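Undergrad: Residue numbers (UniProt numbering), protein chains in the order written: chain E, 1 to 628; chain H, 1 to 650.
Don't take every hint at face value.
[As the list claims (entries may be wrong)] Covered by chain H, per the in silico footprint, the following chain E stretches (three or more residues, Cβ under 8 angstroms):
hint, stretch
1, 103-109
2, 141-151
3, 295-302
4, 348-361
5, 392-399
6, 422-431
7, 515-522
Just so you know, the hints here were simulated from the structure itself, not pulled from any lab data. The structure displayed is predicted, hence computed values, not measured ones. Every residue gets a Cβ at the ideal spot worked out from N, C-alpha and C, and that includes glycine.
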Amino acid sequence: SVKAGKMPEGEKMRQCKQEEEQQQKEEKREGLIEFYSSYQELFQFFCSNTTIHGAIRLVCSKKNKMKTAFWSVLFFLTFGLMYWQFGILYREYFSYPVNLNLNLNSDRLTFPAVTLCTLNPYRYSAIRKQLDNLDQITHQTLLDLYDYNMSLPQRDWSTSSTQRRSSRSLLSHVLRHPLRRQKRDNLVNLPGNSPSVDKNDWKIGFVLCNEDNDCFHQAYSSGVDAVREWYSFHYINILAQVPDAKALDESDFENFIYACRFNEATCDKANYTHFHHPLYGNCYTFNDNSSSLWTSSLPGINNGLSLVVRTEQNDFIPLLSTVTGARVMVHDQNEPAFMDDGGFNVRPGIETSISMRKEMTVRLGGSYSDCTEDGSDVPVQNLYSSRYTEQVCIRSCFQLNMVERCGCAYYFYPLPDGAEYCDYTKHRAWGYCYYKLLAEFKADVLGCFRKCRKPCKMTEYQLSAGYSRWPSAVSEDWVFYMLSQQNKYNITSKRNGVAKVNIFFKEWNYKTNGESPAFTVVTLLSQLGNQWSLWFGSSVLSVMELAELVLDFIAITFILAFRWFRSRQKLSPPGPPLNSQDNAAFQDEAPALSAPHRFTVEAVVTTLPSYNSLEPHGPSRDGEVAHE
Amino acid sequence: AAAAPGKKITARLKRTLPVRGPQAPTLSELMRWYCLNTNTHGCRRIVVSRGRLRRLLWILLTLSAVGLILWQCAELLINYYSASVSVTVQFQKLPFPAVTICNINPYKYSAMKEYLSELDKETKKALETFYGFSEGKSKVRRSVDDWNSTGSDFFQQIPLLKVEDFFRTATELHSGQKRKIEGSVFHKDSSIVNSGDSNDIIGFQLCDANNSSECALYTFSSGVNAIQEWYKLHYMNIMAQIPLETKEKLSYSAEDLLLTCFFDGLSCEKRHFTRFHHPLHGNCYTFNSGENGTVLSTSTGGSEYGLQVVLYIDEADYNPFLVTSSGAKIMVHDQNEYPFIEDIGTEIETAAATSIGMHFTQSHKLSKPYSDCTETGADIPVENLYNKSYSLQVCLHSCFQKAMVDSCGCAQYAQPLPAGAEYCNYKKNPNWMYCYYKLHEKFVKEQLGCQQICKDACSFKEWALTTSIAQWPSAVSEDWMLRVLSWDKGQKLNKKLNKTDLANLMVFYKDLNERFISENPANTLVILLSNFGGQLGLWMSCSVVCVIEIVEVFLIDSLSIVLRRQWQRAKKWWRGRQRASAPPAAQGQGQGQHNPACTDEDLPTFTTALRLPLPRDSPLPRTPPPNYSTLRLETAFTEQLPDTLELGQH
C-alpha cells in the first residue's frame, strides 16, 4: 500500500545511475497537482493516510456493516461531546474574565499636586463696586423676609452716575428673580412678609421663568441655603458682565502662604502655579509643573509638604464666603483641581496633618472592562487643557449641553469655542434653562454619565487627617512675632489668623490594583486542543487533511463530470469503449499516476538482481533499500 | 585459525545485538522513514501527497504548526508565574491592635531647664538680634551679659547666620561680624519664596571639621523654620549625652499622661499600658502591647466598645522652640510592629474629642518567584536594629543607621543604637553633623543602596483610620467635668485643670469584619502541562512520546548518519593515500568500482555501524560488478542531480 503513494524523490536518492533517465522522466511526469482517477482511489488514499482517529474506522471498515454503524455512533457521540465542551470554553472566553493583581510598588513616590485656595474669590473692597446693588437688594430682602437688618459696609457714594445707571438695569434683572416665601404644598406666592406664616409650612426659594412664562421653582428648606444660592446666582451674572474679571483678583502669594517647606527644604517659587476660582478664590497649586516634580524619599511628616497659611477673613465677601480657613486638595499632576469635589477645609489655629496613601488602579481596556485609555474614544470634547478624567468629561459634557440648549456657557466651567458666559442682560432666561438642565443632568437624561467612561488608569490618594493646636500656648508669642516681622502679618485675631498644613505619605510603597486576563487566546487554544485530542486525537493538520479531501472530492467530481460530458460528445461519433474511458481525459497526465508508476518500480527491482543477490542483505521495511 | 573465533564473535554479536543504527542510510531516507511512521500529524502527508504543490503546501502547514506550538508554549511559560488575588471578608472577634500614645512634647520643659538653659538663651538672643523679639527684656539682657562667662563654644561652631549678597557674606549671630562664606557651598535650596529682600534669609552652615573649605549652607525662607531646625540640631546633641534612665524620668509618667481609661465597656488601668521610650517623643505608652502574652480583643464594633482615654496634655510645660503645636500623637499598629510615630502618627487635638474608627485589612503576597518580597526579612543583608518584626521602614532606618556608624563613627539620635556604637554628640564627634547631612543627602538620592537592598514585607496588616472631631467638653459639662478630673488627678496638681490641657480619644473598630487580601498562584504545574498538551495536540496531535521520537530521529539518528558519513570519507581518503603509495597496478583490479555515486553510498553494515575498519582491499576475488554498469554512458553523470552529485564527488 505504501508503494502506491510512493514518492519519486526517495527513489531518486536511492537509485543509481541505472534509473537516472527513468527518474528524470518521472520528474517530468509528476504534475504540480495530481488528482485521483476515481472516488475509490481517493477514499482509499484518505483511509490509509488520515490521522483522524474515528474517521479511519468509520470510512475504512466498510466491509462490516455492524462495525460501521458502531463507529459512526461513536463518531457522532464524540463529535457532539467535543462541541459541547467547545461551547463551554467559548462562553468562558467571551465573558472576558480577569484576574485581580495586587502589586506593592516601592519605587520613589512622586509627590502629588497640592492645591490650596483662599476660600474667598475677591477682596471685598475690590469688588464692592460691582456687588453694591446686589448687596442693597439682599439687605432689603433679608429685612423683608427675616426682619434682619444687615449692617452693610458704608456705601461708597462717590461712584459715578454711569455706574448708577448700569446698576439700575441690574436692579430690574435682580428683581425679576426675587427671593420669596412659598407655601410648601401649593406653590402660591406670598407677597411680602406675612407674620402669620407657620415656619413648617413654608419654603423659601426663587422662581425662574423662561420667555413663555413657564416657571421653575427653586425651593429650599433652609433660608441660609436659599440666600446663598440666590446670591451666588446673581453673583455669577454680575461676574459674567465684568469684562476683565481677571484684573480684579490679585495673586498675593506672600500674603496667603507664609512658609513653605518640602522634604526639609524651602519651597521654590517655581514650584507653584496660580489660578483663580470664582468661588474658592485664589488657588495655588504646588508641584504641578511636570519638569521637576518633587519626590518623597521617605514617608513621614518631615518628608512631606508643610505650609503655614493665612486664614484671616477680614476682607471676605460676607454673603458668599461663609467658611473660614483654607481649602486643600490633593490630586494628580495634569488633572484640574475640582475643589468642590475632592477638597477639604483647614481650620484656623490648628495644625492639620494629612497622611496620604497612594493607590493606583489599572484596568484592562478593550473588551475586558468599559474604560478608556486617553479619552479619545469618548464622544465628548475635552474643554479642559488637562488629561482626561471622568470629572473633566462630565463637566465638559454639561457645558457643551448648556451651550447647545441655553445658548451660553456656565460661568464656572471653561468656555467652549465661540460661546460666551451666561448673563441675564443678554440671555434673559438662562437661569431657568440652567436649572432645568441641571435637573436633567442629575437624572442622567443628558447621558453624560453614560458617555463619560472611567479612565483605565486611575490614581487615588486616600487621606486621613490628624489635628493639633498650633501654635501652642507657650510658643505662641515668638511664632506670631516672627510671622508679623517676616510676613507683615498683623496680629489682630491671632489664633484664627493662621493655620498649618502638613501633607505627607504614610507609606513608602503604594498599592497597584491591576487586572490581567484570566483566559487568554493561548489558554483558549490549549483548552480547545485538549478537548480535541481527548475526543478525536486529531489536530489542526487533521482538519487540513479533511479539507483537502473535500477539495479533492469536488475536483474529481468536476473532472469526472467533464470527462463524462466529453465522452457523451464523443459517443455520438463512434467513441471508445466505456471502460477505457476513465483515462481518456487524463491522457497527458495519466502515465504519472499509479499504474505506470508501479510498473517502473518493479522494473527497478528487477534490473538489479546481480547486486542484491550477491551480498546478504536485509531489505528495509519498504522493501526497496538494497544493501551492498 | 585466529580469524575464526573473531568471526564467530561478530556473528554472535550480529545475532544477539540488533543494534544496527538507524535503518536509513542517508538523512533524507531517515526523514522519509520518520514521516511514514510517526504519529505526528502532517508529516506523513508530506511523504504520501502527490503533486509538488500539494507537498509544498503540506510542508508549509507542518512547519507553521511547529512554529505556532513553539510560540504558544513560550507564551504559556512566560505567563506561568502570575498570581490572582482573592479577597475574603471574615466576621469574627478581632484582636485589638496596639495603640501607642505620646505627648507631642517629649520632656517636661521645667525638668529640662538645667540641660537646655544655655540653648534657650542662645535662641532668645537670636530672636532678638534678628527679629527684635523679646519677651522679658531684662531676662534677655542678663543672658546676653553672662554669655561669655558660660563659654559654651559649641553653639558658636554652628551659629545662625543672616545671609546677604546672594550667599556671599553672612552676618554671624553673636559677634555681629561679617564673614565670607567660602568653599563649595551647597544649598538645600537656593531660590527662595520671599525673594523680596535677602535680609530675611536665615540659615546655618555646617562645615567639615577636617577641611573647612567644605561647607554646606542651609537657608530657610521662613524664620520660624530656621529657628526650629537650628534648635533641633543642638537639642539632639544635648539629648545624646543624657543617659536613658534620666531621660525616662524627665519625660511624662503614665500617671501624668493618662487620666481615665476605658476599654470594651470596662475600666482599664495603667498596667495595661507599656512604656516605650521614643527618642523624639519621650515616653510613649502602648495600650495592648501584648507584652505579657495576652492580646485583648473586642467583641463588638462601635465607639462604646473601643479604647477611650482622656489625656492630660500639660500645655504650659511645653518646650516653646522644639514643638509649636500642642496635643498628642497616637498610632495604631500591630503588636509586633515598631511604631514609627514621628513619621506616621496621627495628631490629637486638645479640648476636643477625637473618634478614630478603624477598618482592618490584612494582605498577603506570594514571595519569590511571583514577586520580590520577603517573608521574615531573614534574607535581607541588613541587621534589624529594632526589636520588632521586619518591615520596609525598619530595614531602611537600620540600613541608614549602619551607614551612619560606618562613615561618621557614631549613631544618629532618632534611631536605635547598634551594638557597640554610641549616639553622636559634638563633644566627641565634632564632625558628625556635616557627615550626617552629607549622608542623608546620599540616602535620599539612593546612593547608599539601602533602597535596593530593602524589600517589601510579604504580609502586612493595616488599619485604615477615619478621624472625626467634636468639641469637648461641652460648655455645660465643662465645669463639673474639669472639677472631677482635677480631683482624680489628685493632690499632686494644685491648679485647676484647663480644658486646653485635656484631650479625649476614642479608638474603636467601625465594623468587625476583617478584609483579607491574599494572592494565589494562578497557574499550577498541572495546568501548565495540560496547556502544553493542549497546544501540542491542537496543532499536530503530538505528545511527549512524539517529542522523544523527534529527539531520537532528528538528533541521535541524524547525528549517527552524519558521523558515519564522515567516517567513510575519512576511510576513503586513507584508502586513497594507501593506493597512491601502492603500485599502480592495483588500480586495475576493481573494474566496476569506478562508479563513485554507488560506492559512496555504503549501506550500513555491521562493521560500519560498529565503526570497525573495513577489510582492506582484500586480494580475495570479489565478484566483479555487473557489466552493464560499465556500459553506462558517461553522459549520465554529467546530468546528475545536484544532491547525488554532491554525494558522489566526495
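Undergrad: Each hint should be assessed against the structure and marked as holding or not.
TA: Hints, one by one, checked against the model:
1. 103-109: holds (count 4)
2. 141-151: violated (count 0)
3. 295-302: holds (count 6)
4. 348-361: holds (count 4)
5. 392-399: violated (count 0)
6. 422-431: violated (count 0)
7. 515-522: Our answer is that it holds, as 4 residues pass the Cβ test (under 8 angstroms) against chain H, meeting three.
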